[in-house]
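With the hints as a guide, bring the two chains together.
Take a look at the letters that make up each chain.
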Amino acid sequence: MNPGPALPEVPEPDGTTVLGASDVARALTRIAHEIVERSRGVDDLVLLGIPTRGVTLARRLAERLAQIDPAFDADACTGELDVTMYRDDLRRQPTRAVGITRLPAVGIEDKTVVLVDDVLFSGRTIRAALDALGDLGRPRAVRLACLVDRGHREVPIRPDFVGKNLPTAQSERVRVRLAEVDDVADAVVIAGRDGSTDVRSTR
Amino acid sequence: MRHLLSTADLSKDEAVGLLDTAAQMAATQSREIKKLPTLRGRTVVNLFFEDSTRTRISFETAAKRLSADVINFSAKGSSVSKGESLKDTALTLHAMGADAVVVRHWASGAPYQLAHAGWLDAAVLNAGDGTHMHPTQALLDAYTMRRHLAGRAGGLAAPADDGVGADLAGLRIAIVGDVLHSRVARANVALLHTLGAEVTLVAPPTLVPVGVEAWPCRTSYDLDATLADWRPDAVMMLRVQRERMSGGAGAFFPSPLEYTRYYGLDARRLAQLADHAIVMHPGPMNRGLEISAEAADSDKAVIVEQVANGIAVRMAALYLLMAGDRSAEGNDL
Chain A
65 MNPGPALPEV PEPDGTTVLG ASDVARALTR IAHEIVERSR GVDDLVLLGI
115 PTRGVTLARR LAERLAQIDP AFDADACTGE LDVTMYRDDL RRQPTRAVGI
165 TRLPAVGIED KTVVLVDDVL FSGRTIRAAL DALGDLGRPR AVRLACLVDR
215 GHREVPIRPD FVGKNLPTAQ SERVRVRLAE VDDVADAVVI AGRDGSTDVR
265 STR
Chain B
108 MRHLLSTADL SKDEAVGLLD TAAQMAATQS REIKKLPTLR GRTVVNLFFE
158 DSTRTRISFE TAAKRLSADV INFSAKGSSV SKGESLKDTA LTLHAMGADA
208 VVVRHWASGA PYQLAHAGWL DAAVLNAGDG THMHPTQALL DAYTMRRHLA
258 GRAGGLAAPA DDGVGADLAG LRIAIVGDVL HSRVARANVA LLHTLGAEVT
308 LVAPPTLVPV GVEAWPCRTS YDLDATLADW RPDAVMMLRV QRERMSGGAG
358 AFFPSPLEYT RYYGLDARRL AQLADHAIVM HPGPMNRGLE ISAEAADSDK
408 AVIVEQVANG IAVRMAALYL LMAGDRSAEG NDL
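Chains A and B supply the protein sequences, listed in that same order. Okay, so the first sequence: first residue is 65 according to this note's numbering, each after it adds one. Okay, so the second sequence: first residue is 108 according to this note's numbering, each after it adds one.
The shape of chain B in the complex, shown without the other chains (with noise of 0.2 angstroms):
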């Protein structure tokens, strides 16, 4: 594994790999000295061509918790929005010898143009490429799923263990929301279905993409009849991404009222789910749009976990891209 850019990509072994390797690193980050020697000397650079704190900060403590020096560049007040191109800020982070960049972009695909084009010697990580892919958000809800799922579906994981070594066999998990506009939709579908568990895509129709027949997953209009029939394992729900509703809110269902009636989860629909179902959402929250009050502060809901668990998981990331010899050949998993 040389790059980190679409979950599409990933094995069930590299993904399994990846996850078990996140457990290490979470192990880690319990202990009183949570700073590991194991990226010393090696630079990261965060390369954000589109705001986002929660990312950005989340990749910054995994590189500085494994010891790498981080590098923040962001468009905004930068080069670029002076105009550079995304190949000259290559040849600017290469001149500069960055060992690993983690590109978020406002185009699908730039950071597979990053990493393919020959710009850069570096190691790419895809944080999130237009409606494109999220794989390390993906792999922290696997990871996050994992740990409270496995073993439910007929697996022999223990909990103790957070399910080291398992896959998501048999699970069965909602995605519920703008599909249309989610990378992390698109990421968790080709991850999940990798790893063996069933998912279903809840959305009105008007946020459901064309082509999603395509996609290895079922989908439905209808989310009380999804979480009484089917009994999903767990719940995602996604945020309403209104800053892409070109038009407003308006453009994609009649009203933010409407929406939370037919695809909100509120006390009502919490109290349907199994025991032990689990909520989570990629954050941030539209607290009344997609998700109450009640659920997303329920017992059910992993939500803050998620966020430990992505730095776990985006230690791992950096850890298998960066730590090893990059030029030996089967640098795998």
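The shape of chain A in the complex, shown without the other chains (with noise of 0.2 angstroms):
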């Protein structure tokens, strides 16, 4: 779960470092908390993470469920949610890559299901995996984790556990690196800001 001191702290040379390793695992922690508060234990609880980053911070969250109550099992309650082919964007980008979607052993009809994201911008994202979990089966509930809420809805969306507020102008771009996937220390990073003319969104 802690990447350890090993990764080398690798800054976007263009960009601030606003969460750092340390502060992404007790986000982290606290929104388990908050999940199994909100839930009233982990009965009936599974989690899905949005490709690439969000599978694997529903896989940290899941480690940390399963911490704070043994009765949660990681591994038959976390799966993955791919939304590319209920994107209403598709024919505004080149063509994306598909990928895949696992759900839980448990499955999801009469869950309730967390769907967890790195970066809340749009909406637009979340509305396409609701359009997915929607053909996937009848959860009891649908709430949204991220670990990073920098604004801009597009849609009325809103998420129910958020790791980081992050108020952001539409030109600045948030990256989040995690260990797993981008093999440098987890830390959200934002750049494009002062002014810069870089106007590329993230998502």
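Think of the hints as simulated: they come from the structure by calculation, not from any bench. Check each hint, because a few of them may be wrong.
With a Cα cut of at most 20 angstroms, we get these calculated EDC-like pairs of lysine to aspartate or glutamate [as the list claims (entries may be wrong)]:
#1 B:142 with A:87
#2 B:171 with A:195
#3 B:142 with A:101
#4 B:171 with A:152
#5 A:228 with A:98
#6 B:142 with A:195
#7 B:141 with A:101
#8 B:141 with B:176
#9 B:171 with A:199
#10 B:183 with B:157
#11 B:189 with B:158
#12 A:228 with A:87
#13 B:141 with B:116
#14 B:119 with B:412
#15 B:141 with A:152
#16 B:194 with B:228
#17 B:141 with A:173
#18 A:228 with A:133
#19 B:183 with B:305
#20 B:407 with B:382
#21 B:141 with A:199
#22 B:142 with A:152
#23 B:142 with A:199
#24 B:189 with B:157
#25 B:183 with B:167
#26 B:407 with B:331
#27 B:141 with B:382
What follows is a set of in silico ranges between Cβ atoms, one per label pair, in the way DEER data are often shown [what the hints assert, rightly or not]:
#28 B:140 with A:217: 23 to 31 angstroms
#29 A:155 with B:216: 29 to 37 angstroms
#30 B:401 with A:127: 51 to 59 angstroms
Positions of the beta carbon are idealized from the N, C-alpha and C atoms, including for glycine.
Here is the structure:
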């Protein structure tokens, strides 16, 4: 869970690190406690990560949930949900590769599903995820956990569990780096601040 | 990738990417709700100048599972039988706003013409042209081989993930029968070579095309020797295309019985195959001619699975050609 000091801390050349590895770890632990508190236990709880980094975050959250309550089976209750084929911007972008969808072993029917993503921005990915979920089954409730909420929502979607609210400008880019995916120490980095002309968005 | 015209145009990365996408599409087909909203509002035209029920309904199913609208246009009983040219048909489809055209034509090269003549701006998918190519069939064959055989020849893929990400390096595939008339064989030789598999064509000398020496494969006239000495991992039986043999079946081999004796997959030859080997056939089968009932119904036969995989592969091809922004540069896999 803790990547340790072995991995190099590589700051974005043009970015500001807003959360370091220990901040990320603390945020995830707090979210895990909030999930348990909100659901009054871990019964019927499943985590669905949205690729790529949401899957890693879901796995880390599942480990923490298992520590809080050993009755939680981290492997059987964690899955991944690819939303590519449900996106509304497919025609505006080059063809995206379709990712893996793997439902948890216990299924999602009548469960409380917690969607896990790294950065919540326009909300369109979550809208696509809700559509995808609707085709896969009927959960009792769907909740949303994200490591960073950077605002600028374009659809009426709000997160239930947030690691860090990060006020940003549209033009800024927020990157989440995770040890398992990026081979660098965990970090949340904002780039394109300081009036930079780079206007690419993260999502 | 703008069109899917020939397996010879596919790079290894494109081919593996297409098979990986097909694997994700196949995963959606075991769900309760099989339909995806991905191509909602797009139109796929099935333009069939040659009868083909299997390929047409496979493409139709694939397009409908992705929520595209499907228009079936067959030459029989249409403007084509009244003498309309391919160009005018294409202009008509363009005017109707087709986003993709799936074309089956008796003339080799017709899909290429349709894609490159500037009559249409739709994506063109070759569903079989003359004796040239049948790319989606080759892709579904490769997908089926990868599911069953990936990792056999020293690769790392675990069978549990259907060989996602793997190629077919080191596999030995025997393609047996009417190679001369077979676009399936041509498409497979090109694709299997790209994916790293070794191919041996087995056919009577009369059914081996001129110029086969230039193909990236071996040829043999002896099925028994190939099975015994070369030990193929998969045996693909081709249909004897009697409708393409002018002068009847007798023009290329003395009698159906003799063909069956020398080149048919019967119970004896089936028993010679390695335990892991699979038996494939693009369908429709001539039972008793190129393949016996024992072989077609054996545990090694994956012929019915090939049909199911065909839908996933065609969904992947339609997705990759239609979903993205076609004006974007580098719009590859």
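Now the hints, each set against the structure:
no.	hint	result
1	B:142 with A:87	violated (42 angstroms)
2	B:171 with A:195	holds (18 angstroms)
3	B:142 with A:101	violated (37 angstroms)
4	B:171 with A:152	holds (18 angstroms)
5	A:228 with A:98	holds (14 angstroms)
6	B:142 with A:195	holds (12 angstroms)
7	B:141 with A:101	violated (36 angstroms)
8	B:141 with B:176	holds (16 angstroms)
9	B:171 with A:199	holds (16 angstroms)
10	B:183 with B:157	holds (8 angstroms)
11	B:189 with B:158	holds (17 angstroms)
12	A:228 with A:87	holds (9 angstroms)
13	B:141 with B:116	violated (31 angstroms)
14	B:119 with B:412	violated (24 angstroms)
15	B:141 with A:152	holds (19 angstroms)
16	B:194 with B:228	holds (13 angstroms)
17	B:141 with A:173	holds (17 angstroms)
18	A:228 with A:133	violated (24 angstroms)
19	B:183 with B:305	violated (40 angstroms)
20	B:407 with B:382	holds (8 angstroms)
21	B:141 with A:199	holds (8 angstroms)
22	B:142 with A:152	holds (16 angstroms)
23	B:142 with A:199	holds (8 angstroms)
24	B:189 with B:157	holds (15 angstroms)
25	B:183 with B:167	holds (18 angstroms)
26	B:407 with B:331	holds (18 angstroms)
27	B:141 with B:382	violated (34 angstroms)
28	B:140 with A:217: 23 to 31 angstroms	holds (28 angstroms)
29	A:155 with B:216: 29 to 37 angstroms	holds (31 angstroms)
30	B:401 with A:127: 51 to 59 angstroms	holds (53 angstroms)
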